[in-house]
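Asks: Whenever a hint applies, use it, and build me the whole structure from the sequences.
Protein chains in written order, with this note's numbering: chain A, 120 to 510; chain B, 120 to 510.
Careful, some of the hints might be misleading.
Which copy is meant is left open, so a pair is good if it fits within one copy or across any two.
Heads up, simulated PhoX-like pairs for lysine-lysine below, C-alpha to C-alpha not over 25 Å straight-line [stated by the list, open to error]:
hint, residue 1, residue 2
1, Lys-284, Lys-448
2, Lys-287, Lys-448
3, Lys-448, Lys-504
4, Lys-504, Lys-486
5, Lys-284, Lys-426
6, Lys-426, Lys-287
7, Lys-284, Lys-486
8, Lys-284, Lys-459
9, Lys-459, Lys-287
10, Lys-426, Lys-459
Keep in mind that the hints were calculated from the coordinates and are not lab data.
Chain by chain, the residues run as shown.
There are 2 protein chains.
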Amino acid sequence: MRVLILGGDGYLGWPTALRFSARGHEVSVVDNFSRRRWHTEHGSASLTPIADFDRRIEAWHEVSGEQIRSYVGAVEDGDFLDEVVAETRPEAVVHYGQQPSAPYSMLSRERAVETQYTNVIGNLNLLFSLRDHVPDCHLVKLGTMGEYGQPNIDIEEGYIEIEHKGRKDTLPFPKLPGSLYHCSKVHDSTNIHFACRTWGLRATDLNQGIVYGVETEETARDERLITRFDYDELFGTVLNRFCLQAVIGHPLTVYGAGHQTRGFLNIRDTLACVELAVANPAARGDFRVFNQFTEQFSVLELAERVKLAAEHLGYSVEIQHLENPRVEKEEHYYNAIHTKLLDLGLEPTMLGEELVESMIHAIERHKGNAIESSIDPHTRWNPAKSPAAQA
Amino acid sequence: MRVLILGGDGYLGWPTALRFSARGHEVSVVDNFSRRRWHTEHGSASLTPIADFDRRIEAWHEVSGEQIRSYVGAVEDGDFLDEVVAETRPEAVVHYGQQPSAPYSMLSRERAVETQYTNVIGNLNLLFSLRDHVPDCHLVKLGTMGEYGQPNIDIEEGYIEIEHKGRKDTLPFPKLPGSLYHCSKVHDSTNIHFACRTWGLRATDLNQGIVYGVETEETARDERLITRFDYDELFGTVLNRFCLQAVIGHPLTVYGAGHQTRGFLNIRDTLACVELAVANPAARGDFRVFNQFTEQFSVLELAERVKLAAEHLGYSVEIQHLENPRVEKEEHYYNAIHTKLLDLGLEPTMLGEELVESMIHAIERHKGNAIESSIDPHTRWNPAKSPAAQA
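Replies: Following this line, the structure appears as structure tokens:
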């Protein structure tokens, strides 16, 4: 199958490209390296030493014998993206080519605008190119569980049947996004749904939980195939950050009370989910939404698990509660349905102590690269709230 | 009160500026004349001969003795807008400064991107400027009833209480926008709601129905104060178009069966609603949504009313059903709640035969300006659907 991966140089995009290539698909990737640039601009970097784009692709060819075609450019550049789609004629597009950080989107007006521009306009360009060149192509779009926010009812997968004043309809699940980044993902969902209803495109929105993990089957095959691993305040996800903090002797930084609950999944399960979505495409005209995570945890629960595992490995670990830089409920109901991917055959990787230990071991090999000053949060969701002393 | 009006050169923005100025408020207006430019690019123009921005403002000063401050620039230019907000320190902002046409947004990828860029980024810039300079300012944003689409349940005003699996929450009403323009308005609502929740801004989203009418109390005071009147396929709203068609002897063009039902209101009621919203501001942190229309009609019903009124004036009128260029349900349930503005004291102007006749008389004075070639629809929502013969 011809698979086009947007954002193919990223934390998830690169391993996804390798996975589809390893399975014998004809893989093309697009990236403009904005993720690498954003880290440079903010004094952070991947813990793992990632090879340049061309070098990774060459290394993969050496290791596997497979070719990955690469296109360097921005999805926001509609003419560029249109040419790529016209030339590669994908049967599936996996779209990771976005600014993926909530705190980054809250840094300033300029960064918020950059986020919504990159994400919304890039995705809108893609919808037109699919319509005009490959209307039968299946769009697999990475969304986020953070689109739903923290409603006081169970979170369904994309839609909810509403009975109201004696009538009934199944409608998009209401959204309460938690940052301007999350807003951009809601905008994308609205645009894609419209394109499916109006142009008969087919799409699957993978509303992903928070991903953790260092490596996948393919990235582990050669040092040069390693994927990026971030732990900084802007791009680091919470469990990855906790593991790195445990290794370098930095307190595990919990924002506020830590009772915020979210869905989580292992990077290996991200790939499994994307594979399942691509192997089981949506019907023409269908905008399908899957909630893509395997387990729910509170942030404090995660910190405690990492502390326990790290202590068993001989580390001494402290948990530190920082004033929460975000505006979010710390005590709230949270129950998100996530059965559709299980129904397609997903076998979840559960977060056991062994898994945390293996992450810690993988991190130990690169701990010399850690930039400690990039870890603690400086970005406030509401700068008008006076920065009280940190607990 | 210091009132800032974005899009103050437009069909509604200009009369709104005059209204607030006539009431003794300190009015500033922003525009970059993109609406005038879009018409020039597409071979259409206002039926009414509208004066240049500076000339209108001078004329108003002559007629009323009041000053309106003007700023020429784009809301998409964040630095420009930020300076305007910092300088004018508005207590209320009325935001009309957007690309307002659904068909325009469906013309091409470039026009869709322009629409979402202008609308979403302009509005996002505004939210930051309000946060940073005048967090107590009340944002009155023009939304549209078209954000809701055609759900099979009653449309509430912005929110709906949902009972689900034994739990309950009041959440944003689900949206099924009918064009990429309507999507952009949904995006705006999502961003504004977020800004209210996170930064404590105060906002009222006026989800407006389809506006009709030629003049308001203030624009009628002098020929040079007249507002624009559009009837072309891109920017003309349906009732205005029907009245013009009756006058120039063009069949009234109904898209499809014409049973599509929508909310409508008179331009005089638009001003009354905006005044009511400004006079009764939302609380800090509150994102308030009003459904702003006075009556529901099907498109065919409207055509029949115009035909009847025009025939009483001696015109001979034909109704023509064109193949529907839009993707929308032609037979559907539609019942939209609209009590909040009535509760604040709105006294609706109802669409009686006399009102249609007065519109026809106002149009007659300018009928020599009509560009007939700009009327019939050429923009298809789904270009892949073969253009069948028109009925």
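Asks: For every hint, state whether the structure bears it out.
Replies: Here is what the structure says about each hint:
1. Lys-284 x Lys-448: between (31 Å within a copy, 22 Å between copies)
2. Lys-287 x Lys-448: Only across copies: Lys-287 and Lys-448 sit 17 Å apart there, 31 Å inside one copy, limit 25 Å.
3. Lys-448 x Lys-504: within (16 Å within a copy, 47 Å between copies)
4. Lys-504 x Lys-486: Close neither inside one copy (35 Å) nor across copies (58 Å); limit 25 Å.
5. Lys-284 x Lys-426: Result: close neither inside a copy nor across copies, 51 Å intra and 36 Å inter.
6. Lys-426 x Lys-287: neither (48 Å within a copy, 37 Å between copies)
7. Lys-284 x Lys-486: Answer is neither: 59 Å inside a copy and 47 Å across each miss the 25 Å cutoff.
8. Lys-284 x Lys-459: between (30 Å within a copy, 19 Å between copies)
9. Lys-459 x Lys-287: Both ways: Lys-459 and Lys-287 sit 23 Å apart in one copy and 24 Å across, limit 25 Å.
10. Lys-426 x Lys-459: neither (33 Å within a copy, 53 Å between copies)
Going through the hint list in order, the structure does not satisfy hints 4, 5, 6, 7, 10.
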